[in-house]
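Start from chain R and add chains S and Z according to the hints.
So the protein lines, in turn, are chains R, S and Z. When we follow our numbering, the leftmost residue of the first sequence carries the number 5, and every step to the right adds one. When we follow our numbering, the leftmost residue of the second sequence carries the number 5, and every step to the right adds one. When we follow our numbering, the leftmost residue of the third sequence carries the number 5, and every step to the right adds one.
Honestly, the hints are just simulated from the structure, not real lab data. Keep in mind it's a predicted model, so treat the numbers as computed, not measured. Each hint should be verified, as a subset may be incorrect.
Chain copies aren't distinguished; within one or between two, either way the pair holds.
Claimed, not checked - Below, computed lysine-lysine pairings styled on BS3-like, alpha-carbon distance capped at 25 Å:
| id | residue 1 | residue 2 |
| --- | --- | --- |
| 1 | Lys267 | Lys305 |
| 2 | Lys305 | Lys329 |
| 3 | Lys318 | Lys329 |
| 4 | Lys71 | Lys33 |
| 5 | Lys318 | Lys328 |
| 6 | Lys135 | Lys27 |
| 7 | Lys329 | Lys343 |
| 8 | Lys289 | Lys328 |
| 9 | Lys335 | Lys345 |
| 10 | Lys300 | Lys318 |
| 11 | Lys80 | Lys49 |
| 12 | Lys97 | Lys201 |
| 13 | Lys135 | Lys103 |
| 14 | Lys200 | Lys289 |
| 15 | Lys305 | Lys328 |
| 16 | Lys80 | Lys33 |
| 17 | Lys329 | Lys300 |
| 18 | Lys200 | Lys33 |
| 19 | Lys300 | Lys322 |
| 20 | Lys200 | Lys103 |
| 21 | Lys201 | Lys103 |
| 22 | Lys289 | Lys322 |
| 23 | Lys289 | Lys318 |
| 24 | Lys335 | Lys322 |
| 25 | Lys305 | Lys289 |
| 26 | Lys305 | Lys200 |
| 27 | Lys201 | Lys289 |
| 28 | Lys305 | Lys318 |
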Amino acid sequence: MEFTVNQIAYLITGEVVGNGELKINKLEKIQDATEGCIAFLDNLKYENFLYSTQASAVIVSNSYVPKSDISVTLIKVENSRASFSLLLEEYHKIISFIKSGVEQPSFIGNNSQIGNNEYRGAFSYIGNNCKIGENVKIYPHVYIGDNVSIGNNTILYSGVKIYSESNIGNYCTIHSGSIIGSDGFGFAPLQDGSYKKIPQVGNVIIEDHVDIGANTVIDCATMGSTIIRQGVKLDNLIQIAHNVEIGQHTVIAAQSGISGSTKIGENCLIGGQVGFVGHISIADKTQVGAQAGISKSIEEKGTSIAGTPAFDYKSNLKSYAVYKKLPELQKLIEELNNKLKQMSL
Amino acid sequence: MEFTVNQIAYLITGEVVGNGELKINKLEKIQDATEGCIAFLDNLKYENFLYSTQASAVIVSNSYVPKSDISVTLIKVENSRASFSLLLEEYHKIISFIKSGVEQPSFIGNNSQIGNNEYRGAFSYIGNNCKIGENVKIYPHVYIGDNVSIGNNTILYSGVKIYSESNIGNYCTIHSGSIIGSDGFGFAPLQDGSYKKIPQVGNVIIEDHVDIGANTVIDCATMGSTIIRQGVKLDNLIQIAHNVEIGQHTVIAAQSGISGSTKIGENCLIGGQVGFVGHISIADKTQVGAQAGISKSIEEKGTSIAGTPAFDYKSNLKSYAVYKKLPELQKLIEELNNKLKQMSL
Amino acid sequence: MEFTVNQIAYLITGEVVGNGELKINKLEKIQDATEGCIAFLDNLKYENFLYSTQASAVIVSNSYVPKSDISVTLIKVENSRASFSLLLEEYHKIISFIKSGVEQPSFIGNNSQIGNNEYRGAFSYIGNNCKIGENVKIYPHVYIGDNVSIGNNTILYSGVKIYSESNIGNYCTIHSGSIIGSDGFGFAPLQDGSYKKIPQVGNVIIEDHVDIGANTVIDCATMGSTIIRQGVKLDNLIQIAHNVEIGQHTVIAAQSGISGSTKIGENCLIGGQVGFVGHISIADKTQVGAQAGISKSIEEKGTSIAGTPAFDYKSNLKSYAVYKKLPELQKLIEELNNKLKQMSL
Numbered sequence: 005m006e007f008t009v010n011q012i013a014y015l016i017t018g019e020v021v022g023n024g025e026l027k028i029n030k031l032e033k034i035q036d037a038t039e040g041c042i043a044f045l046d047n048l049k050y051e052n053f054l055y056s057t058q059a060s061a062v063i064v065s066n067s068y069v070p071k072s073d074i075s076v077t078l079i080k081v082e083n084s085r086a087s088f089s090l091l092l093e094e095y096h097k098i099i100s101f102i103k104s105g106v107e108q109p110s111f112i113g114n115n116s117q118i119g120n121n122e123y124r125g126a127f128s129y130i131g132n133n134c135k136i137g138e139n140v141k142i143y144p145h146v147y148i149g150d151n152v153s154i155g156n157n158t159i160l161y162s163g164v165k166i167y168s169e170s171n172i173g174n175y176c177t178i179h180s181g182s183i184i185g186s187d188g189f190g191f192a193p194l195q196d197g198s199y200k201k202i203p204q205v206g207n208v209i210i211e212d213h214v215d216i217g218a219n220t221v222i223d224c225a226t227m228g229s230t231i232i233r234q235g236v237k238l239d240n241l242i243q244i245a246h247n248v249e250i251g252q253h254t255v256i257a258a259q260s261g262i263s264g265s266t267k268i269g270e271n272c273l274i275g276g277q278v279g280f281v282g283h284i285s286i287a288d289k290t291q292v293g294a295q296a297g298i299s300k301s302i303e304e305k306g307t308s309i310a311g312t313p314a315f316d317y318k319s320n321l322k323s324y325a326v327y328k329k330l331p332e333l334q335k336l337i338e339e340l341n342n343k344l345k346q347m348s349l
Numbered sequence: 005m006e007f008t009v010n011q012i013a014y015l016i017t018g019e020v021v022g023n024g025e026l027k028i029n030k031l032e033k034i035q036d037a038t039e040g041c042i043a044f045l046d047n048l049k050y051e052n053f054l055y056s057t058q059a060s061a062v063i064v065s066n067s068y069v070p071k072s073d074i075s076v077t078l079i080k081v082e083n084s085r086a087s088f089s090l091l092l093e094e095y096h097k098i099i100s101f102i103k104s105g106v107e108q109p110s111f112i113g114n115n116s117q118i119g120n121n122e123y124r125g126a127f128s129y130i131g132n133n134c135k136i137g138e139n140v141k142i143y144p145h146v147y148i149g150d151n152v153s154i155g156n157n158t159i160l161y162s163g164v165k166i167y168s169e170s171n172i173g174n175y176c177t178i179h180s181g182s183i184i185g186s187d188g189f190g191f192a193p194l195q196d197g198s199y200k201k202i203p204q205v206g207n208v209i210i211e212d213h214v215d216i217g218a219n220t221v222i223d224c225a226t227m228g229s230t231i232i233r234q235g236v237k238l239d240n241l242i243q244i245a246h247n248v249e250i251g252q253h254t255v256i257a258a259q260s261g262i263s264g265s266t267k268i269g270e271n272c273l274i275g276g277q278v279g280f281v282g283h284i285s286i287a288d289k290t291q292v293g294a295q296a297g298i299s300k301s302i303e304e305k306g307t308s309i310a311g312t313p314a315f316d317y318k319s320n321l322k323s324y325a326v327y328k329k330l331p332e333l334q335k336l337i338e339e340l341n342n343k344l345k346q347m348s349l
Numbered sequence: 005m006e007f008t009v010n011q012i013a014y015l016i017t018g019e020v021v022g023n024g025e026l027k028i029n030k031l032e033k034i035q036d037a038t039e040g041c042i043a044f045l046d047n048l049k050y051e052n053f054l055y056s057t058q059a060s061a062v063i064v065s066n067s068y069v070p071k072s073d074i075s076v077t078l079i080k081v082e083n084s085r086a087s088f089s090l091l092l093e094e095y096h097k098i099i100s101f102i103k104s105g106v107e108q109p110s111f112i113g114n115n116s117q118i119g120n121n122e123y124r125g126a127f128s129y130i131g132n133n134c135k136i137g138e139n140v141k142i143y144p145h146v147y148i149g150d151n152v153s154i155g156n157n158t159i160l161y162s163g164v165k166i167y168s169e170s171n172i173g174n175y176c177t178i179h180s181g182s183i184i185g186s187d188g189f190g191f192a193p194l195q196d197g198s199y200k201k202i203p204q205v206g207n208v209i210i211e212d213h214v215d216i217g218a219n220t221v222i223d224c225a226t227m228g229s230t231i232i233r234q235g236v237k238l239d240n241l242i243q244i245a246h247n248v249e250i251g252q253h254t255v256i257a258a259q260s261g262i263s264g265s266t267k268i269g270e271n272c273l274i275g276g277q278v279g280f281v282g283h284i285s286i287a288d289k290t291q292v293g294a295q296a297g298i299s300k301s302i303e304e305k306g307t308s309i310a311g312t313p314a315f316d317y318k319s320n321l322k323s324y325a326v327y328k329k330l331p332e333l334q335k336l337i338e339e340l341n342n343k344l345k346q347m348s349l
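Isolated chain R (complex conformation):
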């Protein structure tokens, strides 16, 4: 993506001092900026970079008084940090939604509808009887099975796979390689030591404003639905098993896993590489330390836990502090034991 300095100044209501026709294709920190970059100066710790930068433009606040001549093109605004943030958001929105039209070859089954302003990349696949909203961006190699519904303004990056019967909401983003609706992992043991598959006939429901990272997996329900409530943020390589429900605005870091039928509350914060056993219930606003293993339901809101199996976060830190000194402690105990033996003699 390429913009002129003038176009950016217009977007953030700023005044250009210098060459407004320069081309900008990257947003960067002032200390890292090179040609084609736009940066900003707010913290005066970085002021010297303003005089040496290779950036094509720098956003500064109106109140900034230069120490000496400046060669780089400036955009002067009310508040340089706020304007740069705004620019970041607008830039990200533009690059996220810029693709449109239908590239060929792409595949769409019978009775499937898709709203205006669509992007369907080459080699994307949409099955039968799908209902897809407006401004939906379907990148190359996306697979959408039969009877899938997708809301408006949702982005599916290259290689996302959505199994049949799934429902995806509005304003969702799903990154490459994530799988929605694969079979739950259910097998019943037979007499001869082998296993019989438990049929998985449910689906996945993803509500609005859900972000899902790359290569994450959400299994369908055995019956009913695996549900990801609105505003949930899932990182990469996460495992969500059948019939799990994740409450709204809960955030889960990479490589965590949630076993079947567990219900996670609202506004929880869950670290990376955490594991939850199945069939438990986690209260709202629970915070879980990285690599913890949760083996029991948590009933009190706002609990913080860590460890495997997890218990109170601070208590775990205290136990761990002693754990690190266990060899010394063992030695002391042995000394005490010997002393006592001698005293008993």
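For chains S and Z alone, kept in the frame of chain R given last:
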């Protein structure tokens, strides 16, 4: 998928009471059922739902005596729970194998054969010299390299990647995003601190009745074969390294990893997020707790272990119980030490 | 791939004794070799296999004196082990780079260039303004976004996804299902408990000679670049978050995860299922045990650590040895306590 109540009644040898022409497109629990659903009543705890349900049909046992008038269409059978289970299985079988024919564009290389009743989705890719059996379902975006053999009745969901030389058995199911036959992770250190790749020229053999979840990876052998024996069930996001062998009917939960050349016995049960070091051997019927780290071979059948590094499951629980009280224990030891010091004075 | 014994003998400068026209399609250990295989004999522990093997050819050293008649075809060389290693490497190089040409349908956007000796598999996708070097192998279902640069001699296996703006070096190998450049996981909490996405506008830079396994994810930087330095080796299912930097010749085993902005030094060895918190710095030549959790920066080169949170490797082993005996230790402490109480009476 849509069936009439009459079609379902025929399948489960039941008698329709009510409108047999109603359309059914979902199997659901009676407490969650909506229009288009079929449910069943067995446990009388749920009896009241029979009178209020929006389901289009409910399966009941012949012996069931209604308390009052019922408006929902019924299918009366010998045993409602057993009939519903049968229906689930049949339904799952139908939806799993319903796809057939070849969608275009799809790619098939030279000298590759595929049996009757195939499904090859659009954008599926089959290399050269492949032998693929009957009733095999290859979903869109599946990649099959050269010289691959696949048995009968196997399903590869969208985005599965099978490297060249792999062998897949009969009645296998592999879910989206799983990778079979990527290079083993082998690098030899050189004098200058860099690494030289150890060539990986082996393959992967997957026997019959193996189920593999989504985004799981099975590396090829350095030489010879990485082998997944018959009836093995692997969940999502699992790592199987080069030259691993997994014994028949072993079940491994999500996000576990098995390092190179380790041999897992038959009928083992392995929890989620477990890790095994390489070059060890695990006895049949071993049970491993979630998040355990297995650093040594296990020789005795039926062992249960937990922890990192793992040891006996119950002993680990006992140690952990003390771990949680370590700060108190430390305090007690210090008190004893002080007392003894005073006594020695 | 198929070669004659004569072709192989020519490659390794050996002398054929027997039928040089036999076809070879596999390299195997002598104890596992079947028809079509070539094996080697070095360790005399395996000598008996030479007389019973079904291999089509065996490489032996000139110095080897047979005990009796040999029916299998031999290739005699100076050093059988070294020649077999050479053969493995050559064979692997050939099968890795043998694909060439452009299969259809494939997609290439505007202004994208690709060097000589390319392979572009069917259903591969290349966006706009990409610069791709010579001898690059792009397998089916690979996605390459806009403005991506890729060096020479790089292989992208089926299903690799490279987001826009990424830079990939020379002699890199990326296995199936790996994702380069997905959004970093950054969300700012709002007053109402929901989250606002922090725009991710940076990219990923992968230097030369980097190997990446299957289904690994490398997120783009928030601003600037996530950087994988030359010679880094990443296994399968690894998570690399935004703005991470991994120093040259560092090796990371499967299912490990590195949180945002953490810098890993050069020549580190990191076990499987390890987790690093964000914003820390790890010294060169650090060694980390499997499943460790690293919560603090490591400043001293060559440190070995283990545990969660991780500390010195050997100290952790010692603490863990006591942990396993904690119930006994607790009992001893209680006995001491009782004795002291009695003595105090």
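Results for each hint:
1. Lys267 with Lys305: Classified as within; 14 Å inside a copy, 35 Å across copies.
2. Lys305 with Lys329: between (33 Å within a copy, 24 Å between copies)
3. Lys318 with Lys329: both (17 Å within a copy, 13 Å between copies)
4. Lys71 with Lys33: Answer is within; shortest intra-copy Cα gap is 20 Å, inter-copy 73 Å.
5. Lys318 with Lys328: Both: 16 Å inside a chain and 11 Å across chains, each within 25 Å.
6. Lys135 with Lys27: Answer is between; shortest inter-copy Cα gap is 20 Å, intra-copy 40 Å.
7. Lys329 with Lys343: Both. Shortest intra-copy (21 Å) and inter-copy (21 Å) distances satisfy the 25 Å Cα cut-off.
8. Lys289 with Lys328: between (30 Å within a copy, 24 Å between copies)
9. Lys335 with Lys345: Answer is both; intra-copy 15 Å and inter-copy 16 Å each pass.
10. Lys300 with Lys318: both (18 Å within a copy, 18 Å between copies)
11. Lys80 with Lys49: Answer is within; shortest intra-copy Cα gap is 19 Å, inter-copy 71 Å.
12. Lys97 with Lys201: Classified as between; 11 Å across copies, 44 Å inside a copy.
13. Lys135 with Lys103: Classified as both: same-chain Cα gap 20 Å, cross-chain 20 Å, threshold 25 Å.
14. Lys200 with Lys289: For Lys200 and Lys289, only the inter-copy Cα distance (18 Å) is at most 25 Å; the intra-copy one is 38 Å.
15. Lys305 with Lys328: Close across copies (22 Å), not inside one copy (31 Å); limit 25 Å.
16. Lys80 with Lys33: Result: close within a single copy only, 17 Å intra versus 63 Å inter.
17. Lys329 with Lys300: Only across copies: Lys329 and Lys300 sit 19 Å apart there, 29 Å inside one copy, limit 25 Å.
18. Lys200 with Lys33: between (57 Å within a copy, 21 Å between copies)
19. Lys300 with Lys322: both (21 Å within a copy, 17 Å between copies)
20. Lys200 with Lys103: Between copies, since 23 Å is at most 25 Å while 45 Å is not.
21. Lys201 with Lys103: between (42 Å within a copy, 20 Å between copies)
22. Lys289 with Lys322: Within one copy, since 23 Å is at most 25 Å while 30 Å is not.
23. Lys289 with Lys318: Within one copy only: 17 Å inside a chain, 32 Å across chains, cut-off 25 Å.
24. Lys335 with Lys322: For Lys335 and Lys322, the Cα distance is within 25 Å both inside one copy (20 Å) and across copies (12 Å).
25. Lys305 with Lys289: within (6 Å within a copy, 40 Å between copies)
26. Lys305 with Lys200: Between copies only: 23 Å across, 39 Å inside.
27. Lys201 with Lys289: Between copies, since 20 Å is at most 25 Å while 36 Å is not.
28. Lys305 with Lys318: Classified as within: same-chain Cα gap 16 Å, cross-chain 31 Å, threshold 25 Å.
Checked against the numbered hints given earlier, the structure satisfies every one of them.
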